[in-house]
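Q: Given chain A, put chain B with the ligands in place with the hints provided.
In order, the protein sequence lines correspond to chains A and B. The C-terminal residue of the first sequence carries number 285 in UniProt numbering, and the numbering is unbroken. The C-terminal residue of the second sequence carries number 377 in UniProt numbering, and the numbering is unbroken.
If you're looking for bench data, these hints aren't it; they were derived computationally from the structure. We put the CB at the ideal spot given by N, CA and C, even for glycine. Treat each hint with caution, since some may be false.
[What the hints assert, rightly or not] Label-pair restraints from in silico Cβ distances: (1) 333(B) - 176(A): 55 to 65 Å; (2) 122(B) - 268(A): 41 to 51 Å; (3) 176(A) - 146(B): 53 to 63 Å; (4) 122(B) - 94(A): 53 to 63 Å; (5) 152(A) - 84(B): 52 to 62 Å.
[To be verified] Facing chain B, from chain A, some residues (calculated, C-beta under 10 Å): (6) 34; (7) 200; (8) 278.
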Amino acid sequence: MRNRRQNVITLLLLAPSLVMAILLLAIPLLVVIAYSFAGRDSYGGVVTGFTLESYVELFQPAYLPIFVNSLKIAAMSTAVCVLIGYPIAYFIAFRAGKHSGLLLALLLIPFWIDFMIRMSSWMVLMGRNGTINGALTGAGIIDEPIRMIGTYPAVMVGMLYAFLPTTVLPIYAALSGINRRLLEAADDLGAGPVEAFWRVTFPLSLPGVMAAMLFVFVPAMGVYAIPVLLGGGKSIILGNLIVQLFLDFRNIPLGAAVSVVMLVLSSVIIVFYMRMLRRLEEAHA
Amino acid sequence: MPNDKKSEPDKTGRPAVELVDVCKVFDTSATPPAYAVDHLSLKIASGEFFTFLGPSGCGKTTTLRMIAGFESPTAGKILLEGHDVSGLPAHMRNTNTVFQSYALFPHLSVEDNVAFGLAVKRVPRSERGDRVAAALDLVRMRHAAGRKPSELSGGQQQRIALARALVNEPSVLLLDEPFGALDLKLRREMQIEVKEMQRRLGITFIFVTHDQEEALTMSDRIAVMSTGVVRQIDDPVGIYERPTDRFTAGFIGDMNMLSATVLERQDGVVEVLAADTRLKLKTNAELPAGKDCTIAMRPEALTFMRDSADDAAFAGKVESAVYVGTDRLYNIRLQTGEAMTVRVRNSRADSVLRIGEKVSLFCPSSAIHLLSDQDKK
Ligand SMILES: Nc1ncnc2c1ncn2[C@@H]1O[C@H](COP(=O)(O)OP(=O)(O)O)[C@@H](O)[C@H]1O
Ligand SMILES: [Mg+2]
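Looking at chain A on its own, in the form it has when it is part of the complex:
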């Protein structure tokens, strides 16, 4: 009896967030899935029903490069973020002393500003007549403005900027959790700083690195604004493919199908990853 009542109370307490989750997450998701199986009339209207048309179309060779491209950009962004984020996390965890809190705050504060505004600022910075080119020509370092917007490095800069905090935080958490006595023990056993890093610090920070990679890779797969604004929208990836299908081609079922495939792909990656992470954490316990 008592248990039943407790369950009811728990359910009631959870109700507001449950309703929100269902309204804002589950229902839209179901709608997208339903659309992906719907047909389409010649004016772009959705014809309710069940057909695999969109999926069949999606597996045409023409779409394959887009998936590959997206995976490539996500993988590259992940690599760039981890390679640059790790040293930052290391510095904050081991070298910053009492300033570590301040540095973490500085890393996070820009993210209180709207994403689009921040990306637009990058366009201003990197534009043909933008701040960077202005400064460089003004200083006489270059004669002609460098083309930055619309290049691959510009996209990477944007990705790095967008995902740096989500990279640094889990790595920082893993590093700052390392018992300092372990590093003294390594030192005591004859390992210099470099050797101690590779034998102790790095392996113990791996769960953080793995988490960081997941936090970058999955959202980077679906990113839209950065490649469009900073990459000039030239290379088509999943994010802007979906937008194009929905808005330009008015092919809502196909857009929905791309979304579903992307979702499945991400879920598979997450599940696979979490399993590896758990195994790693068990190894470290």
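A: Same frame as chain A, now just chain B with the ligands:
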């Protein structure tokens, strides 16, 4: 593993460790500076089991960490086998440490933990395997080679930590309260085992503890520390039976202490006045007439008599009595106000005193310790 060597500490040769006027101040901006270690000078012989003993916060760990190379001295020199290592980091010193928290690498197996030092020194794999196996045999943990530290009990982790240090054949092994986290029974076992191990290997052990019994049972020599200063260095018998310092006398075992004044000094004999009682004591200490000092007596060294008018006895009244099995403990309030504790065997026929009864306390002059007051803290 090191070969079994004969264990007699080599007290004639070059010291394994020498500290010369070593100081450590953590917060150098404070005035006056707070010395965690205050002008410490001592020599530790090769093959010796040397213990730093003192209450928590007296600077034992800091001293050990300076010898290991984790902290650098604010002033002074540290010599290992005659070489000044003051500026060298830990990985360039031939010392190894057993940490109180064990500090085993959680991501490595027991075997890889023990092999760590050898791998770092690029010892060939085949030799590495043999030495790791021998080290694990030494601590009787060969069976756990493939396990992770988290799968071991505290006592087992302690053994692995020992093996991980000893496998490197250090010239000096440093142990910081290594048994602090073990329960009493295991602690006693490990004390005996580690002492025996040290005797067999002939490695210099520098041991840190706040447990006087542990220090007395294991050590060749003990340095008693308080507030960053070494108060007395002696073998366990000397520390217990011949304290020369007020702090040491009070820290090791139970001790009755009375303030005294030197009345007269002649040829190594001083006459002192303590609690209205005149005592003649032999001493080599620098104690001119008129100087204040302390006399100290163990409760078991005192005997009592009823109705005595001897002026070499302390007169007082029984204030309380405690029965502790083999003995009885009496608290005696002296006429001059000081409290003394007497420990009497129950086998003595007239061992039972009534509360309030008048007694006189005697102590053979050989059991009275005369302590100078210069470093009274
Ligand atoms: N890293 C440190 N920073 C500041 N003060 C310290 C540090 N380590 C130790 N101390 C201080 O130095 C003194 C001696 O400490 P410690 O050597 O750890 O004593 P023990 O090991 O005898 O308990 C203490 O007063 C302690 O507070
Ligand atoms: Mg300590």
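Q: Hint by hint, work out which the structure violates, then give me just those numbers in ascending order.
A: Of the numbered hints given earlier, those the structure breaks are 3, 4, 6, 8, listed in rising order.
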